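Residue numbers (the numbering used here), protein chains in the order written: chain P, 38 to 677; chain F, 5 to 89.
Calculated directly from the structure, the hints in this document are not laboratory data.
Treat the hints loosely; a few may be bogus.
[To be verified] Calculated lysine to aspartate or glutamate pairs in the EDC-like style (CA-CA distance at most 16 Å, straight line):
| no. | chain 1 | residue 1 | chain 2 | residue 2 |
| --- | --- | --- | --- | --- |
| 1 | P | Lys76 | P | Asp46 |
| 2 | F | Lys44 | P | Glu113 |
| 3 | F | Lys44 | P | Asp116 |
| 4 | F | Lys60 | P | Asp608 |
| 5 | F | Lys28 | P | Asp653 |
| 6 | F | Lys36 | F | Glu70 |
| 7 | F | Lys31 | P | Asp654 |
| 8 | P | Lys109 | F | Glu47 |
| 9 | F | Lys31 | P | Asp653 |
| 10 | F | Lys36 | P | Asp112 |
| 11 | F | Lys29 | F | Glu70 |
| 12 | F | Lys50 | P | Asp112 |
| 13 | F | Lys50 | P | Glu113 |
Keep in mind the model is a prediction, meaning the values are calculated, not measured.
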Amino acid sequence: MDYRKCASDILTEIGGKDNLVSAAHCATRLRLVIADNAKASKEKLENIDGVKGVFEAAGQLQIIIGTGTVNKVYDEFIDLAGVAAASKDDVKQAAAAKQPMWKRAIKTVGDVFVPILPAIVASGLLMGIVEALGKIESLNFNGTAWYQFLDMMSATAFAFLPVIVAISAAKVFGANIYLGAVLGLMMVHPSLLNGWNVGSEDAIMSMFGTTSIPTWNLFGNIQIGGYVLGSISRHGYQGHVIPIVIAIWVLAKIEKWLHKKVPEMLDLFVVPITSIFLTSLVTFMAIGPVFSLLENYVLEGAKFLITNPFGAVVIGALYPVTVVMGLHHMYNGIESGMLAQAGGFNTWMPVATAANFAQAGSSLAVGIKSKNAKTKSVAIPAALSASLGITEPAIFGINLRYMKPFVCAMIGAAVGGGFAAYAGLKATAYGVTGFPGFLIITNIPAYALLLLISGGVAFTLTLIFWNEEKKEEKKIESEKTEKTVKAETKENTVYAPCNGEVILLEQVADETFASGALGNGCAIVPKEGVVKAPFNGTVTMVFDTGHAVGLMSDDGIELLIHVGINTVELDGKHYEKLVSMGEKVSMGTPLLKFDIEAIKAAGYDITTPVIVTNADDYKNIDKPNTGKTAAGSELYTVSK
Amino acid sequence: MIKFDYVITDAVGIHARPAGALAKKVKEYQSKVVIGKGDKSAEAQKLMAVMSLGVKCGETVTVTIEGDDEEDAAPAIQAFFNENL
Numbered sequence: 038m039d040y041r042k043c044a045s046d047i048l049t050e051i052g053g054k055d056n057l058v059s060a061a062h063c064a065t066r067l068r069l070v071i072a073d074n075a076k077a078s079k080e081k082l083e084n085i086d087g088v089k090g091v092f093e094a095a096g097q098l099q100i101i102i103g104t105g106t107v108n109k110v111y112d113e114f115i116d117l118a119g120v121a122a123a124s125k126d127d128v129k130q131a132a133a134a135k136q137p138m139w140k141r142a143i144k145t146v147g148d149v150f151v152p153i154l155p156a157i158v159a160s161g162l163l164m165g166i167v168e169a170l171g172k173i174e175s176l177n178f179n180g181t182a183w184y185q186f187l188d189m190m191s192a193t194a195f196a197f198l199p200v201i202v203a204i205s206a207a208k209v210f211g212a213n214i215y216l217g218a219v220l221g222l223m224m225v226h227p228s229l230l231n232g233w234n235v236g237s238e239d240a241i242m243s244m245f246g247t248t249s250i251p252t253w254n255l256f257g258n259i260q261i262g263g264y265v266l267g268s269i270s271r272h273g274y275q276g277h278v279i280p281i282v283i284a285i286w287v288l289a290k291i292e293k294w295l296h297k298k299v300p301e302m303l304d305l306f307v308v309p310i311t312s313i314f315l316t317s318l319v320t321f322m323a324i325g326p327v328f329s330l331l332e333n334y335v336l337e338g339a340k341f342l343i344t345n346p347f348g349a350v351v352i353g354a355l356y357p358v359t360v361v362m363g364l365h366h367m368y369n370g371i372e373s374g375m376l377a378q379a380g381g382f383n384t385w386m387p388v389a390t391a392a393n394f395a396q397a398g399s400s401l402a403v404g405i406k407s408k409n410a411k412t413k414s415v416a417i418p419a420a421l422s423a424s425l426g427i428t429e430p431a432i433f434g435i436n437l438r439y440m441k442p443f444v445c446a447m448i449g450a451a452v453g454g455g456f457a458a459y460a461g462l463k464a465t466a467y468g469v470t471g472f473p474g475f476l477i478i479t480n481i482p483a484y485a486l487l488l489l490i491s492g493g494v495a496f497t498l499t500l501i502f503w504n505e506e507k508k509e510e511k512k513i514e515s516e517k518t519e520k521t522v523k524a525e526t527k528e529n530t531v532y533a534p535c536n537g538e539v540i541l542l543e544q545v546a547d548e549t550f551a552s553g554a555l556g557n558g559c560a561i562v563p564k565e566g567v568v569k570a571p572f573n574g575t576v577t578m579v580f581d582t583g584h585a586v587g588l589m590s591d592d593g594i595e596l597l598i599h600v601g602i603n604t605v606e607l608d609g610k611h612y613e614k615l616v617s618m619g620e621k622v623s624m625g626t627p628l629l630k631f632d633i634e635a636i637k638a639a640g641y642d643i644t645t646p647v648i649v650t651n652a653d654d655y656k657n658i659d660k661p662n663t664g665k666t667a668a669g670s671e672l673y674t675v676s677k
Numbered sequence: 005m006i007k008f009d010y011v012i013t014d015a016v017g018i019h020a021r022p023a024g025a026l027a028k029k030v031k032e033y034q035s036k037v038v039i040g041k042g043d044k045s046a047e048a049q050k051l052m053a054v055m056s057l058g059v060k061c062g063e064t065v066t067v068t069i070e071g072d073d074e075e076d077a078a079p080a081i082q083a084f085f086n087e088n089l
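Make the full structure from the sequences, and use the hints.
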């Protein structure tokens with residue numbers, strides 16, 4: 038593959054350098070932020086050789102290129118575009134700045150709740166295992182020392198969830214994480230009533246002095262329409278995750294403002310105490326009661342929807358759409374809220390599983406039905422990944438591109454979601470769906486059935502209703518054939534560039550070539566004065582002197598054909614160039630002409646090394662058969 | 005990042021042999037070495053890319069060395085240019 042060509046084609050199709058804001062890459066994709074998306078032609082981008090897929094997500098234009106090649110294309114790309122390399126985070130930020138407020142808010146929820154996943158998954162898995170063992174009566178596991186110990190262990194993260202959330206939120210909002218931890222700990226302080234035992238309505242009402250929860254009335258008993266000014270309900274916020282996120286946001290704002298205003302030498306004495314004091318007051322007086330109540334409404338609403346089969350059908354169907362829009366990060370907030378509640382289970386996860394597994398089903402069906410090798414090579418791994426819970430490759434790489442599989446997946450998700458609610462499935466953690474979900478689910482057989490239903494429906498429907506469209510592919514094919522009529526060649530093979538005698542590289546009478554310092558391969562003592570293309574590829578380099586030519590084969594071999602030893606000194610005499618840099622050539626195209634007798638007469642050795650210069654990319658370069666050869670016959674093969 | 009300019013004195017410019025020797029030298033270090041000529045540039049490790057710059061005698065190249073061992077690599081690479089090119 039010609040990385041530079043691929044990169045320059047991409048640059049052209051996104052509307053040139055002027056339209057590029059920043060560029061980064063991950064393991065498989067080029068992630069670009071471009072100023073005007075309308076200038077980029079997705080269809081043309083997809084047709085570029087080397088591009089496996091294109092989609093827009095999170096404000097980025099993501100171009101799938103593949104592991105091991107994306108970095109090379111990226112290097113060429115930034116070279117061509119003249120932009121500085123940006124880190125993934127830079128691109129994400131540039132992309133985020135382009136998004137509307139509500140989208141950024143949802144992204145923030147994801148940023149807070151995704152990093153705490155290890156704690157949640159570890160505790161959730163442990164909890165799932167302990168519960169499963171506890172249910173087996175013949176084991177008598179319940180009440181044993183191990184049971185109690187493990188029960189304590191697995192409940193810890195949930196009992197003190199606000200603290201974990203506080204630390205994560207402090208990182209996201211830029212507050213001091215230790216102050217954040219203090220605030221989180223304060224909200225679950227043991228001298229407060231346990232929040233699991235207090236209804237959030239009661240908490241609000243306590244400020245009006247109408248419930249039994251004790252309060253601290255900081256400003257005496259001044260009342261404004263029944264509201265006791267500065268009243269703090271003496272209960273903790275176990276079971277709530279949103280109040281702490283808001284509180285940390287406020288903390289960060291206050292802290293940053295103070296850092297700016299307070300002289301540096303007083304900073305340590307003034308800023309921490311002031312920011313924690315003010316934030317705590319605001320949190321316990323207002324943020325805590327108000328947002329815990331709101332959080333409860335949202336959770337109750339979500340639970341009502343998700344545990345009722347009709348609601349679950351709707352959520353299941355819409356779930357993939359929300360993934361496309363990037364809204365699904367917000368679900369982590371809902372799920373952790375559900376788990377944080379007293380005796381809480383995650384009832385959202387089964388519906389999410391239905392949606393994700395349906396994507397796997399659709400993508401698998403495309404992979405099986407498609408005749409196109411490229412589509413197959415994306416669809417099947419994407420299906421596997423989706424069955425393990427990572428759906429982006431399946432959604433963006435396959436299902437959404439052909440639309441019908443996506444719709445089939447929505448139907449599969451809806452049916453599966455309905456079943457999940459009907460069966461009352463629930464999980465002990467979040468962040469895990471698909472096959473790994475077996476570890477956190479409370480009813481294993483029903484979960485297996487759920488996978489079968491959602492995946493099966495999507496798979497079957499896709500198989501029936503989706504048909505591959507051929508016209509696009511044909512168009513590209515015909516374009517290609519117009520450009521060059523390609524000779525039939527085998528992959529990873531170098532053919533002889535001229536008639537002559539093949540010798541081993543070690544036999545070349547020049548230390549640099551013989552030692553393999555320039556690359557590996559063999560040499561030919563030519564019998565005729567013309568070098569022909571040894572494969573289908575591109576001319577990457579021709580010396581002005583015409584004594585050597587560099588080529589890149591379509592499958593990635595970089596080859597140097599150096600006619601004669603030290604012949605650079607002839608300065609072009611006796612040589613004639615027939616091609617120029619960047620030209621596409623097919624096997625057998627004449628590249629250089631030279632006068633063997635004249636070169637010999639000038640005192641030079643005409644031996645012509647034919648070597649692979651990117652030998653690092655190839656493990657094996659086969660020894661050639663020495664002796665007579667004719668232009669166009671196999672010289673040697675390489676393998677990775 | 006360490007940068008230096010070098011005027012090529014070798015009569016035939018950067019052709020296959022010195023490009024190969026340079027690539028070999030550069031591979032001894034972890035730093036990324038980029039050779040620039042005008043608005044074109046090439047990673048010194050990549051033989052073909054370096055040759056395709058078509059650097060001739062009397063032309064100036066800019067060598068950029070960047071990486072953890074750049075302090076060690078830069079003098080060695082500078083010496084290589086002085087001796088070979």
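Against the structure, the hints come out as follows:
| no. | hint | result |
| --- | --- | --- |
| 1 | Lys76/P / Asp46/P | holds, 14 Å |
| 2 | Lys44/F / Glu113/P | holds, 11 Å |
| 3 | Lys44/F / Asp116/P | holds, 9 Å |
| 4 | Lys60/F / Asp608/P | holds, 11 Å |
| 5 | Lys28/F / Asp653/P | holds, 12 Å |
| 6 | Lys36/F / Glu70/F | holds, 5 Å |
| 7 | Lys31/F / Asp654/P | holds, 14 Å |
| 8 | Lys109/P / Glu47/F | holds, 11 Å |
| 9 | Lys31/F / Asp653/P | holds, 11 Å |
| 10 | Lys36/F / Asp112/P | holds, 12 Å |
| 11 | Lys29/F / Glu70/F | holds, 15 Å |
| 12 | Lys50/F / Asp112/P | holds, 13 Å |
| 13 | Lys50/F / Glu113/P | holds, 12 Å |
Violated hints for the displayed structure: none, as all numbered hints are satisfied.
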